[in-house]
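Engineer: Please model the complete structure; the sequences and the hints are all you need to start from.
Next come the chains, spelled out residue by residue.
There are 2 protein chains.
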Amino acid sequence: MNIKEMMGRETIRPLLMQARYGIEKESQRVDLAGDLARTDHPAALGNRSFHPYIQTDFAETQLELITPVTDSVEEVLAYLLAIHDVAQRSMPENEMMWPLSMPPALPEKEEDIEIAKLERHEDVLYRRFLAREYGKRKQMVSGIHFNFEFGLELIEALFQQQAELPSLESFKTELYMKVARNFLRYRWLLTYLFGATPLSEEGYFDEEDRPQEPVRSIRTSRFGYVNRPDVKVSYASLDRYSEDLAENVAQGRLSEEKEFYAPIRMRGGKKVADLFHTGIRYVELRNIDLNPFDRVGINAGEIQFIHLFMLYLMWTEEKKPADEWVEEGNRISDAVALEHPMHQTAYLEEGRQLFAEMQQMAEELELDVQEVLDHYRSWLEKPEQTLAAHLFLAEEGQAVLGQKLAKKYYDEAYAKPYQLAGFSEMELSTQSLLFDALQEGLEIDVLDRSDQFVSLKHQDHLEYVKNGNMTSKDTYIAPLLMANKTVTKDVLARAGFRVPNGETFTSLEAARKAYPRFVQHSFVIKPKSTNYGIGITIFKDGPSLEDFVSGLKIAFKEDESIIIEEFMEGTEYRFFVIDHQVKAVLLRIPANVVGDGEKTIKQLVEEKNQDPLRGSNHRSPLELIQLGDLEKLMLKEQGFTIDSVPESGQQVFLRENSNISTGGDSIDITDEVDESYKKIAIEAVAALGANISGIDLIIPDKDKPFSEEGDYGIIEANFNPAMHMHIYPYAGKSRRLTLEVLRLLFPELLN
Amino acid sequence: MNIKEMMGRETIRPLLMQARYGIEKESQRVDLAGDLARTDHPAALGNRSFHPYIQTDFAETQLELITPVTDSVEEVLAYLLAIHDVAQRSMPENEMMWPLSMPPALPEKEEDIEIAKLERHEDVLYRRFLAREYGKRKQMVSGIHFNFEFGLELIEALFQQQAELPSLESFKTELYMKVARNFLRYRWLLTYLFGATPLSEEGYFDEEDRPQEPVRSIRTSRFGYVNRPDVKVSYASLDRYSEDLAENVAQGRLSEEKEFYAPIRMRGGKKVADLFHTGIRYVELRNIDLNPFDRVGINAGEIQFIHLFMLYLMWTEEKKPADEWVEEGNRISDAVALEHPMHQTAYLEEGRQLFAEMQQMAEELELDVQEVLDHYRSWLEKPEQTLAAHLFLAEEGQAVLGQKLAKKYYDEAYAKPYQLAGFSEMELSTQSLLFDALQEGLEIDVLDRSDQFVSLKHQDHLEYVKNGNMTSKDTYIAPLLMANKTVTKDVLARAGFRVPNGETFTSLEAARKAYPRFVQHSFVIKPKSTNYGIGITIFKDGPSLEDFVSGLKIAFKEDESIIIEEFMEGTEYRFFVIDHQVKAVLLRIPANVVGDGEKTIKQLVEEKNQDPLRGSNHRSPLELIQLGDLEKLMLKEQGFTIDSVPESGQQVFLRENSNISTGGDSIDITDEVDESYKKIAIEAVAALGANISGIDLIIPDKDKPFSEEGDYGIIEANFNPAMHMHIYPYAGKSRRLTLEVLRLLFPELLN
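Just so you know, the protein sequences line up as chains A and B, in that order. Under UniProt numbering, the first sequence has 212 at position 212, and the numbering climbs by one with no breaks. Under UniProt numbering, the second sequence has 637 at position 637, and the numbering climbs by one with no breaks.
Bear in mind the hints are in silico, worked out from the structure with no lab data behind them. Just to be clear, a hint being listed does not mean it is correct.
Which copy is meant is left open, so a pair is good if it fits within one copy or across any two.
[As the list claims (entries may be wrong)] Simulated crosslink set (DSS-like; lysine-lysine; CA at most 25 Å straight-line):
no.	residue 1	residue 2
1	K678	K557
2	K733	K678
3	K704	K320
4	K553	K382
5	K679	K602
6	K4	K271
7	K473	K457
8	K404	K138
9	K599	K404
10	K416	K382
11	K404	K733
12	K4	K513
13	K733	K608
14	K320	K602
15	K599	K117
16	K702	K679
17	K408	K473
18	K733	K457
19	K733	K557
Structural biologist: Put into structure tokens, the structure is as follows:
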């Protein structure tokens, strides 16, 4: 079986860059000064007994962040970023994540290091055993576990190219065993490049058996958290590997299989024995130190290089018998790990050879990897470019640098709290929903980013959500009904609700004839089915026929059908109804500034726009206030220019419409509006057969209970109501509506 | 209270043309020869105990067609037309509706006239009483009962203009009593214009007391079906009216209130006594003969004139005390009814006066009615233009004309059986759904024609339907999921179904790079979310990079995301799944003709296009086959021109794609496809969480049960699957899917 030749075939080459990635990353929680946290695992992070993404490792302070398995580098990093955002924002505000593999200074007394308070007794017992066996201090180190799987299509195509091995399972096992042996032999290169534990802090080593000089990687050296030296396991075959592991357990050198801390693990089943049935499905690389210069401890370049390295390990031939080959690798890796970070490695020549062969492979296989190859080749030549060297060179010392970096990442997590890192190009409501789902421990899957389509899962219960609030809990017809303003009004009126009188027209001519019928009242002309205030004209006192017709034309530009409708006096409020409850009531007021007697309107606008909640293009909960023609005209009508200085306390409006999208303010008044109106909102939404709706009521006096007909009017019901304006209002209390959506979908988890 | 002056006020004038209309129309069922039917009420018309639209009147052969109450002339006629279509197509194929008010020749023996076989015993008993009291023959006459209500807004506005009457109810009663008295006084004008019973047929009169000459209206004359002459009721006030009615019943002159056959009835409650609480809400005009020259017995001009006439009756003052006024009217109406249809009426002068005053009113009130006024004014002057005259003048005699007209309307009802008259501009699926709903006796309400939005009701159970199959029985998310091809495939693949391998791309550059991965197989490039075969390119054998890129560009023109996907070999079938059952399976084949060895392709196409099921722009179940550039190119590739003569039995394809919209044939194969594939379709739709879906499967051999992976592939699932192509296939059995939708919505009625 000539893998090298098989990889070069025309049908295989296009598949080589297919792979699946999954990352587990440990991080110590520290306070803002960089000292180990003394708090329990954050309660906001749901239940550790099933949380798929955020667990604790050995110690109560040691977070374990776990991504789902993905098909691309971008996705795995996106999930890892998102999980970081969630973990950070679920921790007490004075805590952050330590970015280094080596822990910060540890408590003087070992008993002050608290073992993770897990629910399952056997989990706690195992950790107690480890504490006795290895001491607690060594376990406080953190790292990346990198799960790597060649693309299934690639593996299957390779399998088809050969006849030696009869089953796909045996083929996969053979292939990954070769990769594992070569990995063990050549892994020193990763140690060299990505080793990032040059120094330890106070309390990590409690004995003198420790590196006396700065090194590349304490963690992956023999001074790291390793098995006893008498634990030996052969990688010659899966049989041998399995037998040796069993023997070590039988002899008591290991308490169980998982205590074997190999730099690479063969994965696929729950136990090694399962691999005989399933074949090895993927490998877990355990020798990657945290890259402290990246917020999530690893970056795309590293992953791409590791992928290329894995291909090389498949491609290149083993040059010695298995055990000898592995033993040689172990020896070299340890030696490289213990080299001074600023020194040229003793294995420079072999390193150059490896890069040259990777280069040759990339060319033969037409891989698009030149940039990443060149990048890390320069690190090989220049040790000062490695991660370990950067840490060693830190002027302020490693610990202070760790604290500074942690604070930087902490600030990044809080800079735009309405965003979810990794998914920030999605709609805000979907970002909030994903945040809440990650926090509560739902399994998430972003099925289509541009379509805002996600799935959420708890145990066997699967739900799909689009745009944050389109779910299985609403019917197909209810949103269609709400999308049609005529039908909505019709249905509400028949159910006994007060809606503005109005008529629908499909031709300008017919609408023009209605002039005499409307001219005597206040009325509004609007397109039948748009949702964003576009094409709407309000006439408060009998317009001329000419103005009337121009209003009609504006509306007809947006839709084939338009509505002329009674204009109701009062204030418009948005009631967000979900599951027969009003969970938020919002008042929207037009873009405005309040004077201080000193600043100009322009300055006041600039100041108000500093609010981190304001941005543009719906990427923030509030929009920047503009100073365009419309705003200037509006000011002019009030006798202002942008350079006028309003009196202290004087509110100056820059817009007539109250849309958030034109700089309006959102003000939560959920607790202030009279209950009688909430009841109306709930009943109206029920009459529309909807479960989730943002229904707009005109109310003359929200404090006075509803008593007679003129006391309210229903303007419209929205089938995809914005949620972020309630979650991040300009003023008033935040209403976490995305959590309400999750509550509706997963009552078994959240109620 | 000066109504005339009030009507002229600026705030009232725009409201004057508001009104609500409802029509009840009787029609005898006859055979194609025009003889009274001998069959029972059609079983296809559901249950007469609750059917809101199609009932039987006195006799088992006498249909009573009832429209819902509507706000416009167009709507009331649309419903009436639709109900006619449903009634006609639910009758045996050799039956039709008699278009004349006077019945066709009646059986010699009165016992051969069968009383309606109603379920409620008291209904049958009442009819037996009427048969004894008046004889069966007189009851066989048919007519229009026209329910008329002034617009509520108009009535309320008028009420606001006055102070005399304290409540809206008393105001309405006063107003309608005036209108009723004036109606009775001036109704002779309607008798003159719309009287359409000049002659009787064999067996209607069984005694010599009958008109000796042709007249205008037997039905509304004293020879019609009228109460005994000693039944007298005053219209001076509602009190008097109610007292007199009660007295007539008490004295046994009437069996009950409803036996009082007045030309106008005051309506609002179930009984006259209810009117004291509700006020009179509307009036029922009962003196309109069927207009046999219109398919539904009445037309828009008549209704508009009646509306104008009602306004005039409100506007004009009463000139004599009530009883005298009404008595005078009764006398004149009877006299006019019995005038010869070709003669000038004796009341020409009063008629001219009425038209002059209506003209004056129309001008003062700015009513847009000139056309209708002029039209009927000319009938007044020229008696030969009246309906009665037209019947009298029929060369073939009234009975033969009746049979001919009936056959004409019968043919119209069957000409396009896939349409529902009155709603033929709506989508075909909605027309079918409305047809079935009307047939089964569901209350229908077309909420928005252009949006295909209807409501259906049975007793207290209300459902909304859009586009014929969007209902409350599907969730909001399922159709959104099906709309996204990537997500659909993802979900199906995870659930273990076979879907074509594929990838989604959002940039031309990224897609271009995928060339090597796809070039070795058959594959298809398509836009992610369009549904009509647009933008799709199929590559069966490794295209050049250039062709590949041009395929990409075509797809990107339609969507921001495109899919490159494995092309599966086999035939594509559409499975229509509803409520976990496959109710139809369809094979679509490209536009084609089959040669006969004589005709040219052009002639064969013309011949095939004669099929009444073929039309254009989705207004028919099948589309016309085109002979455009694409078709000519396709012919050329096969060595044909449009003038070629294919051999007998030779099938020549004019298109590559099988879409019905480009002239393809739809072939029902529901009973032929192996059950195993139906099971897959059902389970796949369930995996998508959908209730109604048209799911497309590729099957290499539909007769061979599914056994291994290559045996099928799921192409896509459609969330608004066309239904008309299954209901009216080109070949094979019709599958009435709209009835399945109703079954799903109203199991209590239809299962």
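Engineer: If a hint holds in the structure, say so; if it does not, say that too.
Structural biologist: Status of the hints after comparison with the structure:
1. Taking the shortest Cα distances, K678 and K557 never come within 25 Å of each other, neither inside one copy (35 Å) nor across copies (47 Å).
2. Proximity of K733 and K678 under a CA criterion of 25 Å is satisfied intra-copy only: 17 Å inside one chain copy versus 53 Å between copies.
3. For the identical chains of this complex, K704 and K320 are neighbours neither inside a copy (88 Å) nor across copies (55 Å), given an alpha-carbon limit of 25 Å.
4. Proximity of K553 and K382 under a CA criterion of 25 Å is satisfied in neither setting, with 70 Å inside one chain copy and 46 Å between copies.
5. Taking CA atoms no more than 25 Å apart as the test, K679 paired with K602 passes in neither setting, with 42 Å inside one copy and 68 Å between copies.
6. Taking the shortest Cα distances, K4 and K271 never come within 25 Å of each other, neither inside one copy (31 Å) nor across copies (96 Å).
7. Taking CA atoms no more than 25 Å apart as the test, K473 paired with K457 passes in both settings, with 15 Å inside one copy and 23 Å between copies.
8. Within a single copy, K404 and K138 get their C-alpha atoms as close as 24 Å, which meets the 25 Å cut-off; across copies the closest is 104 Å, which misses it.
9. Taking CA atoms no more than 25 Å apart as the test, K599 paired with K404 passes in neither setting, with 37 Å inside one copy and 88 Å between copies.
10. Taking the closest pair of Cα atoms, K416 and K382 never come within 25 Å of each other, the shortest separation being 38 Å inside a single copy and 84 Å across copies.
11. Taking identical chains as interchangeable, the C-alpha atoms of K404 and K733 are never at most 25 Å apart, the minima being 33 Å within one chain and 76 Å between chains.
12. Within a single copy, K4 and K513 get their C-alpha atoms only as close as 81 Å, which misses the 25 Å cut-off; across copies the closest is 23 Å, which meets it.
13. In this homomeric assembly, K733 and K608 come within 25 Å of each other (Cα to Cα) only inside a single copy, at 19 Å, whereas the closest approach across copies is 69 Å.
14. For the homomeric pair K320 and K602, neither the shortest alpha-carbon distance inside one copy (76 Å) nor that between copies (78 Å) is at most 25 Å.
15. For the homomeric pair K599 and K117, neither the shortest alpha-carbon distance inside one copy (56 Å) nor that between copies (88 Å) is at most 25 Å.
16. When the C-alpha separation of K702 and K679 is checked against a cutoff of 25 Å, the pair qualifies only within one copy, where the shortest distance is 13 Å, while the shortest distance between copies is 56 Å.
17. When the C-alpha separation of K408 and K473 is checked against a cutoff of 25 Å, the pair qualifies neither within a copy, at 41 Å, nor between copies, at 51 Å.
18. For a Cα distance limit of 25 Å, the shortest separation of K733 from K457 qualifies neither inside one copy, at 29 Å, nor across copies, at 43 Å.
19. Neither within a single protomer nor between protomers do K733 and K557 lie at most 25 Å apart by alpha-carbon distance, with minima of 39 Å and 45 Å respectively.
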